[in-house]
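Colleague: Chain by chain, the residues:
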Amino acid sequence: MAITRHEPAKIFSKVVEANGFVFTAGIVADNLTQDTKGQTQQVLAEIDRLLKLCGTDKTKVVSATIWLTDIRNRDAMNESWNAWTGGQNLPGRACITAALADPRMLVEIQVTAAK
Amino acid sequence: MAITRHEPAKIFSKVVEANGFVFTAGIVADNLTQDTKGQTQQVLAEIDRLLKLCGTDKTKVVSATIWLTDIRNRDAMNESWNAWTGGQNLPGRACITAALADPRMLVEIQVTAAK
Amino acid sequence: MAITRHEPAKIFSKVVEANGFVFTAGIVADNLTQDTKGQTQQVLAEIDRLLKLCGTDKTKVVSATIWLTDIRNRDAMNESWNAWTGGQNLPGRACITAALADPRMLVEIQVTAAK
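Protein chains in written order, with the working numbering: chain P, 6 to 120; chain F, 6 to 120; chain A, 6 to 120.
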């Protein structure tokens with residue numbers, strides 16, 4: 006059994022591979038001046054990058070957890086989500102609310118993918 | 006490695022199989038006029054149906070996440086939960102609060118099962 | 006496929022093994038008079054114990070979800086987290102807020118490990 010950890014920072018790794026699965030950290034946007042739609046686009050682009058590091062991609066995501074700071078931003082988040090999935094290879098998903106580490110953060114997404 | 010996605014809607018699949026595991030979406034009740042106990046019963050019946058689609062069942066659930074909109078409804082949710090599990094084959098579980106997509110939703114449950 | 010459930014209580018198992026992975030329940034502190042730093046230490050010590058029951062350990066954690074009741078306690082939680090990890094073998098991680106089962110609970114942690 007091998008575990009591969011990519012881009013460990015001080016507190017967590019950005020993405021970890023083990024036993025045929027890939028687990029991302031909860032990803033937030035870098036540019037927090039953007040609105041929910043823009044932040045979601047950034048998060049999903051970063052998830053694409055992390056999945057690629059592991060030799061997998063968005064067509065193999067099996068489960069996603071999406072935290073919004075305000076459930077009223079769900080439609081805006083879904084605009085970027087739907088553009089990203091293209092309606093194909095859809096994972097199981099839960100979208101709920103929580104406060105995040107910085108009050109400017111509007112959305113955080115964690116995904117589990119197969120590889 | 007094969008991924009099987011069941012009942013994809015516009016935004017997510019209801020349940021996804023990969024590498025010996027089954028991941029449901031976060032499931033909510035259809036009839037949102039019911040109370041926490043009734044909504045939990047509905048959610049768990051739907052989870053039974055989804056697990057069956059994947060050739061597994063509630064005796065093989067390994068992890069569950071339960072979101073309540075009000076932690077004071079935990080006992081009511083647990084009444085339906087305990088009736089469902091029968092105290093057997095209990096998964097790991099976290100039960101926390103969050104706001105859900107519709108204010109009438111009182112409970113959302115995501116489970117991971119082996120198969 | 007074998008599933009091993011450790012320390013089942015009435016409602017959930019403390020930790021479950023299946024298919025090369027180990028899933029803990031959402032773990033909270035026993036002594037709820039302690040502050041966030043102390044409660045986190047208790048939680049992580051309990052997670053060490055549970056992982057050991059399964060023949061694995063903290064160097065093989067692949068994903069962690071941390072719920073705080075107040076995001077302002079993130080730094081205090083991270084003090085205990087960083088002491089626990091030693092900056093090595095870092096999992097993916099999401100740290101978000103939620104209300105927990107008892108108002109004295111300040112932190113709950115669920116981890117998934119490989120074995």
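Be a bit skeptical, because a hint or two may be false.
As the list makes no split between identical chains, a pair holds if one copy fits it or if it spans any two.
Claimed, not checked - In silico lysine to any residue, SDA-like type, Cα no more than 20 Å apart, as pairs:
#1 Lys120 with Arg10
#2 Lys120 with Asp40
#3 Lys63 with Ala50
#4 Lys42 with Thr9
#5 Lys57 with Ile8
#6 Lys63 with Arg10
#7 Lys63 with Thr9
#8 Lys15 with Lys42
#9 Lys15 with Gly92
#10 Lys120 with Ala7
#11 Lys120 with Ile8
#12 Lys42 with Gly91
#13 Lys57 with Thr74
#14 Lys63 with Thr74
#15 Lys15 with Gln39
#16 Lys63 with Ala104
#17 Lys57 with Gln39
#18 Lys120 with Gln46
#19 Lys19 with Asn87
#20 Lys57 with Asn78
#21 Lys57 with Asp80
#22 Lys57 with Ala7
#23 Lys120 with Gln47
Just so you know, these hints were derived from the structure itself, not from any lab.
Colleague: None of the hints should be skipped; say for each whether it holds.
Modeller: The hints, checked one at a time:
1. Taking the closest pair of Cα atoms, Lys120 and Arg10 come within 20 Å of each other both inside a single copy (15 Å) and across two copies (15 Å).
2. Taking the shortest Cα distances, Lys120 and Asp40 never come within 20 Å of each other, neither inside one copy (32 Å) nor across copies (40 Å).
3. In the homo-oligomer, the alpha carbons of Lys63 and Ala50 lie at most 20 Å apart inside one protomer (10 Å), although the nearest pairing across protomers, at 30 Å, exceeds that limit.
4. Proximity of Lys42 to Thr9 under the C-alpha cut-off of 20 Å is found in neither arrangement, the shortest distances being 31 Å within a copy and 29 Å between copies.
5. Within a single copy, Lys57 and Ile8 get their C-alpha atoms as close as 16 Å, and across copies as close as 18 Å, so both meet the 20 Å cut-off.
6. In the homo-oligomer, the alpha carbons of Lys63 and Arg10 lie at most 20 Å apart both inside one protomer (19 Å) and across protomers (14 Å), since each shortest distance falls under that limit.
7. For the homomeric pair Lys63 and Thr9, the shortest alpha-carbon distances inside one copy (19 Å) and between copies (14 Å) are both at most 20 Å.
8. Taking the closest pair of Cα atoms, Lys15 and Lys42 come within 20 Å of each other only across two copies (18 Å); inside a single copy the shortest separation is 29 Å, beyond that limit.
9. In this assembly of identical chains, Lys15 and Gly92 lie within 20 Å of each other by CA distance solely across copies; the values are 6 Å between and 36 Å within a copy.
10. Taking CA atoms no more than 20 Å apart as the test, Lys120 paired with Ala7 passes in both settings, with 14 Å inside one copy and 9 Å between copies.
11. Proximity of Lys120 to Ile8 under the C-alpha cut-off of 20 Å is found in both arrangements, the shortest distances being 13 Å within a copy and 10 Å between copies.
12. Taking the shortest alpha-carbon separations for Lys42 and Gly91, only the intra-copy value of 16 Å comes in at or below 20 Å, while the best inter-copy value is 36 Å.
13. Within a single copy, Lys57 and Thr74 get their C-alpha atoms no closer than 28 Å, and across copies no closer than 34 Å, so neither meets the 20 Å cut-off.
14. Taking the shortest Cα distances, Lys63 and Thr74 never come within 20 Å of each other, neither inside one copy (24 Å) nor across copies (30 Å).
15. Taking the closest pair of Cα atoms, Lys15 and Gln39 never come within 20 Å of each other, the shortest separation being 26 Å inside a single copy and 25 Å across copies.
16. For a Cα distance limit of 20 Å, the shortest separation of Lys63 from Ala104 qualifies neither inside one copy, at 26 Å, nor across copies, at 27 Å.
17. Neither within a single protomer nor between protomers do Lys57 and Gln39 lie at most 20 Å apart by alpha-carbon distance, with minima of 25 Å and 42 Å respectively.
18. Taking CA atoms no more than 20 Å apart as the test, Lys120 paired with Gln46 passes in neither setting, with 23 Å inside one copy and 34 Å between copies.
19. Taking the shortest alpha-carbon separations for Lys19 and Asn87, only the inter-copy value of 16 Å comes in at or below 20 Å, while the best intra-copy value is 23 Å.
20. For a Cα distance limit of 20 Å, the shortest separation of Lys57 from Asn78 qualifies neither inside one copy, at 28 Å, nor across copies, at 34 Å.
21. Taking identical chains as interchangeable, the C-alpha atoms of Lys57 and Asp80 are never at most 20 Å apart, the minima being 27 Å within one chain and 31 Å between chains.
22. In this homomeric assembly, Lys57 and Ala7 come within 20 Å of each other (Cα to Cα) both inside a single copy, at 18 Å, and across copies, at 18 Å.
23. Taking CA atoms no more than 20 Å apart as the test, Lys120 paired with Gln47 passes in neither setting, with 23 Å inside one copy and 33 Å between copies.
Hint violations for this structure: numbers 2, 4, 13, 14, 15, 16, 17, 18, 20, 21 and 23, all remaining hints satisfied.
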